[in-house]
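Got chain V; can you put chains Y and U on it based on the hints?
Each protein sequence line maps, in turn, to chains V, Y and U. Each residue of the first sequence is one higher than the one before, starting from 456 at the first, in the numbering used here. Each residue of the second sequence is one higher than the one before, starting from 401 at the first, in the numbering used here. Each residue of the third sequence is one higher than the one before, starting from 937 at the first, in the numbering used here.
Don't take every hint at face value.
Once the Cα atoms are required to be at most 20 Å apart in a straight line, the calculated SDA-like pairs of lysine to any residue come out as [what the hints assert, rightly or not]:
1) U/K1025 with V/E579
2) V/K574 with Y/P432
3) V/K574 with U/L1072
4) U/K996 with V/I553
5) U/K1017 with V/I553
6) U/K1010 with V/G487
7) U/K938 with U/K1010
8) U/K982 with V/F549
Please keep in mind that the hints were generated in silico from the structure rather than gathered at the bench. On a predicted model such as this, the values are computed, not experimentally measured, just so you know.
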Amino acid sequence: MAEVKHDAAAHAAAPLPWGEIFEWAQAFLSGGLILTGAFFVIAGAIGILRMPDFYTRIHAAGMTDTMGAEFILLGLIVQSGFTQTSLKLLLVAFFLFITSPTATHAIAHAAHLSGLKPKLGPYEAPELEDIGKGDGA
Amino acid sequence: MASLVMIYVCVVGAIGMLIGMALLLGRAIAGPSFYDRALAVNSFGTKAVLFLCLFSLIIGRPDGVDIAILYALMNFIATVAILKFFRYRALDVPLAQRPQRKSAGKGGA
Amino acid sequence: MKYALILAVTLAGYWLTLSGYFHKPLILFFGVVSVLFTLGLAARMKILDKETVPYLQVPKTLSYFVWLFNEVVKANVAVAKAVLSPELKISPSLIEIPTHQDSDIGKTMFANSITLTPGTVSVDMQEDGILVHALLSEMANPDDFIEMGERSGWAVGETIDIDGAHKDG
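Just chain V, with the same shape it has in the complex:
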């Protein structure tokens, strides 16, 4: 960045380096989207590990499938610009957007038909000392 400023000072009449500014904006936008997506993907994985029963684990998986996947793919689309690759990435995002709720519903419906009962009512994580005793976590 220092070199850019030095150049701009040397040629006072030189135009702003729009190409470089555009590249940095692209990098920051795609980086932010990818990091947000990665955060939500890991949050979903932690949720699948932490949640107490099957039906609540589905919600954590849904978090991964929607926001994590879509944000990472959006970041990659921004990164690759107007190319065939970004069209393909758009197709991946579209397929995930269509198929992930259907697969989630298929799993939930199969569990419901097989008679798996959800735990209802308020729930809180057990204290650390109690974890070995019950069937929590």
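Same frame as chain V, but now just chains Y and U:
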């Protein structure tokens, strides 16, 4: 310089995917019921798709995105097929029509 | 016939997106053959109608997806807070959401939208309702799904008189 930053961000994202996949493997091994395992494997597949996309852009060969499309579709089909096989112990059961059963009905499965 | 043409155009666009070949006649010929083969299969299965070739409603559906994405982001933040907080305060519940859509694709769109929003999963489809498992208590209010049902019906080309439906039940 800017492209190098993008590559580093992609590497961080790919490592995040690997961490998530490791956590999900824990659930797939420990899951008390079959459905927990199916859910974990399905979510694992989604993360594998994302990892493929990130990895193919990191190494600069976008051909991997084709494989990611294929994996996304195969993941869905495999999940539905496994669930169907686990329920009916056969794969030649029509899901499109409502089966003549006493249960309420098969919706959009 | 109209739907066959629409399907052919969509398949051709899909093939071009995936292959990226525009100048090699032999490979383009293979693409045409595969499009025609798929069309023949679809015609033989008799699935060329409004529900299986819903590409005329694409603009409406896309604008609906934008609205849905906004909802998904909001719900995601709520669920992520609940999951990552140390005490894990959740209150799962099962509720029944009435559906007012006429066509199967409208119901499918509504149920998929509910599932896509984290914190609510459609567990079972009944004749006139969807059984929904909600993670947090503030997501378990059936009135919050009215707008989503209205918009998802609109996205597949239906007009739903929600007020009239409410008077009945």
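These are the hints, each one checked on the structure:
no. : hint                : in the structure
1   : U/K1025 with V/E579 : 5 Å, holds
2   : V/K574 with Y/P432  : 15 Å, holds
3   : V/K574 with U/L1072 : 13 Å, holds
4   : U/K996 with V/I553  : 16 Å, holds
5   : U/K1017 with V/I553 : 26 Å, violated
6   : U/K1010 with V/G487 : 18 Å, holds
7   : U/K938 with U/K1010 : 40 Å, violated
8   : U/K982 with V/F549  : 26 Å, violated
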